[in-house]
Every structure is written in C-alpha cells, then in structure tokens.
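Residues in the sequence shown are numbered from 124 upward in steps of one, following my numbering.
To be clear, the hints were calculated from the coordinates, so they are not data collected in a lab.
C-beta: ideal position from N, C-alpha, C; glycine also.
There could be a bad hint or two in this list.
[Said to hold, decoys possible] In the SDA-like style, the derived pairs of lysine to any residue whose C-alpha atoms are separated by at most 25 Å in a straight line are: (1) Lys504 - Trp472; (2) Lys441 - Met453; (3) Lys348 - Gly445; (4) Lys504 - Asp470.
[Claimed, not checked] Derived DEER-like restraints, expressed as beta-carbon distance ranges: (5) Tyr328 - Asp193: 41 to 51 Å; (6) Thr438 - Ser313: 27 to 37 Å; (7) Gln414 - Met368: 10 to 20 Å.
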Amino acid sequence: MSAVNQKESPSRDSTASTSGHISMLADNTLESLSRDYSLGSLNSAGSQDEFFRCRDHADNILKRMQLYVDSQQLCDVVLIAGIDGKRVPAHRLVLSASSAYFSAMFTGSLRETKEQEVTLGEVHGDALHLLVQYCYTGFIEMREDTVETLLATACLLQLNAVVTACCNFLARQLHPSNCLGFAFFAEQQSCTTLLRLAQAYTCQYFMQVCQNQEFFQLNADQLGKLLSSDDLNVPSEQDVFHSLMSWVRHDAAAREPHIAELLALVRLPLLQPAFIMDHVENVCNANECQQLVMEAFKWHLMPERRSRIATERTTPRKSTVGRLLAVGGMDAHKGAISIESYCPRLDKWTPWKHMTGRRLQFGVAVMEDKLILVGGRDGLKTLNTVESLDLNTMAWTPLNAMATPRHGLGVAVLEGPLYAMGSHCAHLELRGAHVLDALHRRRGCPGRSSVRGGRTRWFRLPSLHRVLRSAHQQMESPGADEQKTRRRGRKYTTGFLVFSGATRC
Numbered sequence: 124m125s126a127v128n129q130k131e132s133p134s135r136d137s138t139a140s141t142s143g144h145i146s147m148l149a150d151n152t153l154e155s156l157s158r159d160y161s162l163g164s165l166n167s168a169g170s171q172d173e174f175f176r177c178r179d180h181a182d183n184i185l186k187r188m189q190l191y192v193d194s195q196q197l198c199d200v201v202l203i204a205g206i207d208g209k210r211v212p213a214h215r216l217v218l219s220a221s222s223a224y225f226s227a228m229f230t231g232s233l234r235e236t237k238e239q240e241v242t243l244g245e246v247h248g249d250a251l252h253l254l255v256q257y258c259y260t261g262f263i264e265m266r267e268d269t270v271e272t273l274l275a276t277a278c279l280l281q282l283n284a285v286v287t288a289c290c291n292f293l294a295r296q297l298h299p300s301n302c303l304g305f306a307f308f309a310e311q312q313s314c315t316t317l318l319r320l321a322q323a324y325t326c327q328y329f330m331q332v333c334q335n336q337e338f339f340q341l342n343a344d345q346l347g348k349l350l351s352s353d354d355l356n357v358p359s360e361q362d363v364f365h366s367l368m369s370w371v372r373h374d375a376a377a378r379e380p381h382i383a384e385l386l387a388l389v390r391l392p393l394l395q396p397a398f399i400m401d402h403v404e405n406v407c408n409a410n411e412c413q414q415l416v417m418e419a420f421k422w423h424l425m426p427e428r429r430s431r432i433a434t435e436r437t438t439p440r441k442s443t444v445g446r447l448l449a450v451g452g453m454d455a456h457k458g459a460i461s462i463e464s465y466c467p468r469l470d471k472w473t474p475w476k477h478m479t480g481r482r483l484q485f486g487v488a489v490m491e492d493k494l495i496l497v498g499g500r501d502g503l504k505t506l507n508t509v510e511s512l513d514l515n516t517m518a519w520t521p522l523n524a525m526a527t528p529r530h531g532l533g534v535a536v537l538e539g540p541l542y543a544m545g546s547h548c549a550h551l552e553l554r555g556a557h558v559l560d561a562l563h564r565r566r567g568c569p570g571r572s573s574v575r576g577g578r579t580r581w582f583r584l585p586s587l588h589r590v591l592r593s594a595h596q597q598m599e600s601p602g603a604d605e606q607k608t609r610r611r612g613r614k615y616t617t618g619f620l621v622f623s624g625a626t627r628c
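The task is simple: from the sequences and hints, build the whole structure.
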C-alpha cells in the first residue's frame, strides 16, 4: 500500500515544477492579452475588480457585418439604383451611422423608414455598391473613368470623406484640356473645393486653356465669367481680346450677337491706340462697341481726366502689373544685399536676386528693361557708383559713375532720361530748398543698350530754386498765350515744375 500510495502521490518537487509552469503560462497569456486589450484596476481602494477594452472590437464587428451583407443575411433594406436598377442589400444601422442622408431617411418620419426597398433616383448601381461597401470597410477605389460618377453619388449620400477624397483625386488630374469641364461639374455638384481649384487652374494656365476644345464649347455666360476675372494670367490685354475673337469665329453666326456684352469685359483702355484702330474698331458696328472704343481713346487722349473716367476696364489685371521688388535696405545686422519679388496675382514673396555689393540709402528705378541702382553708402562711405541689372539676362553691369557721391537721393525716370536729385553729399547735409540743389540727368540712347561705354553720360542741371524763381517771374508777366491759358481756367506750370511734381509721388 505504501508503495502504491507513493506512486499515486506526487512529490513536492513535481508539484513546484507544475506550479511554475502554470504561472509561466498565465504570465504569457496576460502578456498576449495586454497587446489586444486595455486592462486596469477600478478606482475604489482595495478593489480587485478590473476593466478591459478590446482595441479591435469595432473592426471585428464591421467585418462580421460585412460578411452578413455579402451573404445577404440579417439585411433589413435593399437600395435600388434609379439609373440601371441594380439592387444593393444593406443594414439600416450601418448606413445611418455612416451617412447623414441615410440617417435622416431611416430615423425620421419618411415613408422609407418602414419600406424594405428604397429606390434612389439618378444614381448609378456600381457607384452605389462601392459606397455601401465603404460604409462597412472605410475603403474605396477611385479610378479616372468612374471618379466623377462616384463623386456625384457621394455628394447625394452626404459621404463627406469620400467627397473630399474624390476632389483631391480630380485636382491632381487637372489639365488645360479638362479644367473647364471639371469646374462646370464641380459647380453642378456644389463641390466648392474642386470648383475653386479648377477656377484657379484655369486662370493660371489661361493661355493654354483658350486653345483647347473645351474653351470653344463655353456659352456666352460662362465665357463672360472667365473674362471678367482679375486673376487671368496673361502677358497683356491683347491676349484676352484675341481669345474672345477666336471664340466668336468658332461659331460666328450664333456668337456675333454677344460681341458687345463680351467686349465690355475686355479692358480696352489698357490696349495701345494703334492696336485698337487696327484690330478692335471694326470688329462690331453696334453703338455699344463704338462707345467702348471711344472710352478707350479718351483714356489715352485725356490723361488729366483719368481719375474721373476710370472704370473697372481701366484697372489692370494682376498678371499685367508686373511685380514689386524690395531691393536691399537695412536688416537686423548691417544691411541686406538680397532682392525679393512680390507677385500680386499669387500674393506671394519669393527670393529673386542679390546685389553685387552692400548699399544703404541708395536710389533705384526701372529704365526700359533694366533695374538701375544709384549711389548710396556702404557703411560710412558715400558712393557715386551706378549699376544696372538686365531683367532679361539677369546680369549686373556697371554704368558711368556720378560726379558727386551721394546717399539718401531720389531718382526717377521721366520720358526717357533718369534723374537723380537731392541727397546727403559726403558730410554735407542738404536741407530745405537746397535738397534739390544738385540735380543730374542721365541720358540713354533709345533702342540701344545703356551699358556700353560712351553711350551714357551724366549732365548737371540748374538747381531747382533757380527754376522756381524763373517760373515765378514768368507767371508775374505772362505772355499773350499764357494769358489765354489762364482765362480758360488751366493751371500754368513750366515743364520742369511738372517734372519735379511727378518725381515727388
């Protein structure tokens, strides 16, 4: 008996080994559970209760429900596509939780609340099936040939995440040949994001867009909205006029009656008079067109009245006003040599170029296609040097220096020559009327490069207070012609006074 009992009773070592093995299994199980569940103790002191959260619970439920819908089990509604009649079974709970459209349909007092079959008009079956599957999985495939149908259906069902994804997908497909169609489609579907992107793309690449078939298929209202935009990226207003005439010639019989209303959207006063006479004047004989032509000629012939006759047609488009350059100046240290460019159309500053050396309190002007830097100072040294940046080649070239070093001067271009006036001259500070005492003019040869030696020179002009005195004497004893001018109510000035006023602006 003792021997038998000895075999049946386990030893202490065996018991300890078994307990250790069980403990190790428990630890491994808890470690495995901790990866899938959140475990923790309750807040009550001394309590042995615990709580857990299964991280995959929601996914597992949706996967199980997807299996049910694939096998058409427990489905409580069938959606029917109105266009092709395709039937898509689903669960009301899943649809309502995913879509505000279905939530309003199944939880309100509509008749669809109790119907087992619901027909959705103007919906394609394939798009409906993909979107129902998205409600269960959160995944959807977008393809170029189906994304527009998918977007239209997602807009109807108010699946906003899918709408955003489709808009982003279409935005990456924008091209001058399709951007107008995308804009029209986005407007129909009330997709403001895609509409804004397509319109911006159309304006940015207008010169390419107006050569594609979609442009010639626009109706008069759509073309009018496009031509009225300030954001059209065009080199000049001539290109806008040419695009309009190309559109008219594509179907002249039907479109010629719209010329007057569309020509009003072309900013004719910004065209050169010769271009207006050669290309615009004979386009249309209607009174409205002739009035537009006369308005343009008045703008050129009476510059003193421009403030009174200004209209939206006299405002340049953003792309035609050029760019604003910030050149040099003081920075947080001792002076900047960089040049930054601001584009009004993009509302953006970008690094552009660097000066050849440091200048402070210098003069700057644009003469023809060149940026001219005049004088200034480098530290305590006042400069008389002049340099030019060719805006076509982006190359710097030194020009003839001024006779007198000066900083804090003013420079301006008037009818060809470049004027430099006033300043601090070395250690002498010119004040009051003497600020304009030293005035120089730089002559440039029209039509020739101003950087060649011998082509540019500086000339000294009379000081301003002498010209003022001479003008005052003439005004005290005016001649017969000047008296006639006074009687007509016109302000009498000398040419030099007009110049000094212009440079002060």
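Cross-check of the supplied hints:
no. : hint                        : verdict
1   : Lys504 - Trp472             : violated (31 Å)
2   : Lys441 - Met453             : violated (29 Å)
3   : Lys348 - Gly445             : holds (24 Å)
4   : Lys504 - Asp470             : violated (37 Å)
5   : Tyr328 - Asp193: 41 to 51 Å : holds (46 Å)
6   : Thr438 - Ser313: 27 to 37 Å : holds (31 Å)
7   : Gln414 - Met368: 10 to 20 Å : holds (19 Å)
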